[in-house]
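Since the structure of chain P is provided, determine the placement of chain X on it from the hints.
Protein chains: 2
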Amino acid sequence: MIAEKMKGFVAGSSAIRAMFEEGKKMAAQFGAENVYDFSLGNPNVPAPEKVNESILEILRDEPPTFVHGYMNNAGYEDVRDAIASHINAQYGTVYDRDCLIMTVGAAGGMNDVMKTLLNPGDEAVTFTPYFGEYRAYVGNYDGVLVEVPALPGTFQPDTDALEAAVNEKTKVVILNSPNNPTGVVYTAETIRKIAAVLEKKQEETGHEIYIFADEPYRELVYGGVEVPFLPLYYRNTIVGYSFSKSLSLPGERIGYILIPKEIDDYKNVYEAAKCANRILGFVNAPSLMQRVIARCLDEKTDVAYYERNRTTLYEGLTECGFDCVRPDGAFYLWVKSPEADEKAFVAKAKEERILIVPGSSFGCAGYVRIAYCVAYETIKGSLPGFARLAASYGLQ
Amino acid sequence: MIAEKMKGFVAGSSAIRAMFEEGKKMAAQFGAENVYDFSLGNPNVPAPEKVNESILEILRDEPPTFVHGYMNNAGYEDVRDAIASHINAQYGTVYDRDCLIMTVGAAGGMNDVMKTLLNPGDEAVTFTPYFGEYRAYVGNYDGVLVEVPALPGTFQPDTDALEAAVNEKTKVVILNSPNNPTGVVYTAETIRKIAAVLEKKQEETGHEIYIFADEPYRELVYGGVEVPFLPLYYRNTIVGYSFSKSLSLPGERIGYILIPKEIDDYKNVYEAAKCANRILGFVNAPSLMQRVIARCLDEKTDVAYYERNRTTLYEGLTECGFDCVRPDGAFYLWVKSPEADEKAFVAKAKEERILIVPGSSFGCAGYVRIAYCVAYETIKGSLPGFARLAASYGLQ
Numbered sequence: 314m315i316a317e318k319m320k321g322f323v324a325g326s327s328a329i330r331a332m333f334e335e336g337k338k339m340a341a342q343f344g345a346e347n348v349y350d351f352s353l354g355n356p357n358v359p360a361p362e363k364v365n366e367s368i369l370e371i372l373r374d375e376p377p378t379f380v381h382g383y384m385n386n387a388g389y390e391d392v393r394d395a396i397a398s399h400i401n402a403q404y405g406t407v408y409d410r411d412c413l414i415m416t417v418g419a420a421g422g423m424n425d426v427m428k429t430l431l432n433p434g435d436e437a438v439t440f441t442p443y444f445g446e447y448r449a450y451v452g453n454y455d456g457v458l459v460e461v462p463a464l465p466g467t468f469q470p471d472t473d474a475l476e477a478a479v480n481e482k483t484k485v486v487i488l489n490s491p492n493n494p495t496g497v498v499y500t501a502e503t504i505r506k507i508a509a510v511l512e513k514k515q516e517e518t519g520h521e522i523y524i525f526a527d528e529p530y531r532e533l534v535y536g537g538v539e540v541p542f543l544p545l546y547y548r549n550t551i552v553g554y555s556f557s558k559s560l561s562l563p564g565e566r567i568g569y570i571l572i573p574k575e576i577d578d579y580k581n582v583y584e585a586a587k588c589a590n591r592i593l594g595f596v597n598a599p600s601l602m603q604r605v606i607a608r609c610l611d612e613k614t615d616v617a618y619y620e621r622n623r624t625t626l627y628e629g630l631t632e633c634g635f636d637c638v639r640p641d642g643a644f645y646l647w648v649k650s651p652e653a654d655e656k657a658f659v660a661k662a663k664e665e666r667i668l669i670v671p672g673s674s675f676g677c678a679g680y681v682r683i684a685y686c687v688a689y690e691t692i693k694g695s696l697p698g699f700a701r702l703a704a705s706y707g708l709q
Numbered sequence: 314m315i316a317e318k319m320k321g322f323v324a325g326s327s328a329i330r331a332m333f334e335e336g337k338k339m340a341a342q343f344g345a346e347n348v349y350d351f352s353l354g355n356p357n358v359p360a361p362e363k364v365n366e367s368i369l370e371i372l373r374d375e376p377p378t379f380v381h382g383y384m385n386n387a388g389y390e391d392v393r394d395a396i397a398s399h400i401n402a403q404y405g406t407v408y409d410r411d412c413l414i415m416t417v418g419a420a421g422g423m424n425d426v427m428k429t430l431l432n433p434g435d436e437a438v439t440f441t442p443y444f445g446e447y448r449a450y451v452g453n454y455d456g457v458l459v460e461v462p463a464l465p466g467t468f469q470p471d472t473d474a475l476e477a478a479v480n481e482k483t484k485v486v487i488l489n490s491p492n493n494p495t496g497v498v499y500t501a502e503t504i505r506k507i508a509a510v511l512e513k514k515q516e517e518t519g520h521e522i523y524i525f526a527d528e529p530y531r532e533l534v535y536g537g538v539e540v541p542f543l544p545l546y547y548r549n550t551i552v553g554y555s556f557s558k559s560l561s562l563p564g565e566r567i568g569y570i571l572i573p574k575e576i577d578d579y580k581n582v583y584e585a586a587k588c589a590n591r592i593l594g595f596v597n598a599p600s601l602m603q604r605v606i607a608r609c610l611d612e613k614t615d616v617a618y619y620e621r622n623r624t625t626l627y628e629g630l631t632e633c634g635f636d637c638v639r640p641d642g643a644f645y646l647w648v649k650s651p652e653a654d655e656k657a658f659v660a661k662a663k664e665e666r667i668l669i670v671p672g673s674s675f676g677c678a679g680y681v682r683i684a685y686c687v688a689y690e691t692i693k694g695s696l697p698g699f700a701r702l703a704a705s706y707g708l709q
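Going line by line, the protein sequences match chains P and X. Whatever position you read off the first sequence (first residue = 1), add 313 for the working numbering. Whatever position you read off the second sequence (first residue = 1), add 313 for the working numbering.
For reference, chain P alone in the conformation it holds in the complex (with noise of 0.2 Å):
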């Protein structure tokens, strides 16, 4: 028998993944040309060449049991220092190593932050739609997710009903911009009134409420919009980061939390986090990959790319009559289902052999997300698809 609470965990699992599981059955079956797999999140972009060249050079320089071995469960050092400079001359902070931890992956910072924070029944607040494993990171500590809606059209945060939102239980509050899965960028407008509401709330509750800011698409932007950076407009604000994407690494596991040392109580939540870093099995990052990070701040990926599939599957979708948020940053589609039920609408492009998740996994149903990360080709090639979808819903 199983822990029941597992039990939850696995009847709720990820519909995402599920969908990636099946899409390469059906890739097996149909041949991988033939099957328009929108469903995860995993860059087609492949990681920058000075990836793999800076691995070459490291383990030619540097001593296998210096890049394979143990070191400060936070990270190395030089690591750190690497990317606290990295991140001083882009936002002009003085951030040093001891505001940074290396994680596994974005998932497994905020995992370590979420553990390092709630109390059982410590509420997390966050805006729908949402990435919906943050069920499960809440979940995980028995703290509870308070879903805020965004605002209907635009997705923006609601700041009025975060203001209702909020209540002496309230420990953290979860932005994630640019978003997954609606693709919008919060403004530096909306950014400003939720940090005026939270000022309030923890003058009102007499404590302090972070914010954990998830930002794994932070460098996923187009038409050169602008991501505020968050801790500049709210201090006790805590930074997660990954380079899933921005260097095509999400097979890797890394990235870090950054843990500015104006936040309240910044000591015991900076050894905690530590902490739980090594405790919950982590450890420590990946040796080689902090290493390689280290050399690659400065690259980029190929957003020319993404943009371009963006724009084709925004204005393909669009032209067909379906109604989609225009992305400003990540690489996902957010589109309204032409019926009410979006997990038979699902079921019907499924049978055209394109791959979507229902809007519900995103606590947000009648929408569904395509994950455009894919070849330009399985783009153009889902088209047609996608228009004998909106033509059998009579949309146009």
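Worth double-checking, as some hints may not be accurate.
In this list, chains with the same sequence are indistinguishable; a pair is considered to hold if it fits within one copy or across any two.
[Unchecked claim] Cross-link-like lysine-lysine pairs, in silico, DSBU-like; alpha carbons within 35 Å at most: (1) 337 to 580; (2) 337 to 363; (3) 506 to 663; (4) 656 to 574; (5) 613 to 580; (6) 513 to 580; (7) 363 to 613.
Simulated from the structure, these hints should not be mistaken for lab results.
Leaving out everything else, chain X in the frame of chain P:
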């Protein structure tokens, strides 16, 4: 304010890790060659050359989106196939990929399994002394770690004490052989007795009791000692493995759990452990390293190096008058403290710039652990200091 539970974890935080950080500072102060750091199980023997060769081959032959990308949360299918075949060839078993989940080291795998099995209040039994992190790996899921003493002298598990300790609440028994910190290998006779106790208790309680076999040191044995393969002795056995020690890759965080289909409730346990691997934030074991170890399953670390260390250290300390357990495996020497308060002895050793870990970190006061996965010169260099310590206690 951090979570109440984390305060306990931070307060009881790893003495081993604190010592490791202290050792680095002392090395900077006195010169690395003048500090005898026996604190951490960080192998000094470099990874086999085939590891780095495999990395080069993989980067040359396999596409980066595959090598660095997402795969099934359980790991690459071909990697799991290779490991299953390797185990089957060794032990005459018939495992396949669906018995395996690739994990972020042994610590990651053990967290997966504890999260999968433990309801709050469920008991996990282990034998003292034991790797202190078990307290956290069980406590993370509100399980209760029940300590059963090993037999004095041999440090084989006391199976009568086990029988007395197992009850309705017992969900899992954690075994670790070759043992950290004693270096003892559990004999086939001991394992048979443990299996008999648990079979009987399963009947009495009417529910399954799993063994979790934590086996990162399986290949690290001396003088032809055999390590019994636990699933051959007890059906409800789950095995945790890591390449940290066998291939000297502790920083890379790569291991697996083996869940034989013969165990009770196999399907739910396997699915839940795969789900736990995802939602705890591991998502998957690091991708490149998965592909590397599949090519290095027949590689062996330089066991002879550790064996020479063992012999020199064991003989050197025994000659001084220290009371040591002769290790058959792993790379730890377990030594009786010459004064009842072993922390005082550890402090005295530090004055000789010898860093060792108090037994209370392993649930067994009055002893110390010496990790001898160090340069031979460190062993030799430390002996005069140990001799002075022995003399100061009037040993011999």
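Quiz item: Is it within, between, both, or neither for residue 363 and residue 613, if the alpha carbons may be no more than 35 Å apart?
Solution: both (10 Å within a copy, 31 Å between copies)
Exercise. Classify it for me, residue 513 with residue 580: is the Cα-Cα distance of at most 35 Å met within a copy, between copies, both or neither?
Key: within (24 Å within a copy, 50 Å between copies)
Self-check item: residue 613 and residue 580: within-copy, between-copy, both or neither at 35 Å Cα
Solution: within (33 Å within a copy, 42 Å between copies)
Quiz item: Given a CA cutoff of 35 Å, do residue 337 and residue 363 count as a within-copy pair, a between-copy pair, both, or neither?
Solution: both (29 Å within a copy, 31 Å between copies)
Quiz item: Taking 35 Å as the upper bound on the Cα-Cα distance, should residue 656 and residue 574 be classified as within, between, both, or neither?
Solution: between (45 Å within a copy, 34 Å between copies)
Practice problem: Could you place residue 337 and residue 580 in one of the four classes (within, between, both, neither) given a Cα distance threshold of 35 Å? | Solution: Between copies, since 22 Å is at most 35 Å while 46 Å is not.
Self-check item: Homo-oligomer pair classification [residue 663, residue 506; C-alpha up to 35 Å]
Solution: So residue 506 and residue 663 fail the 35 Å test inside a copy (41 Å) and across (55 Å) alike.
Hint 3 from the list above is the single one not met by this structure.
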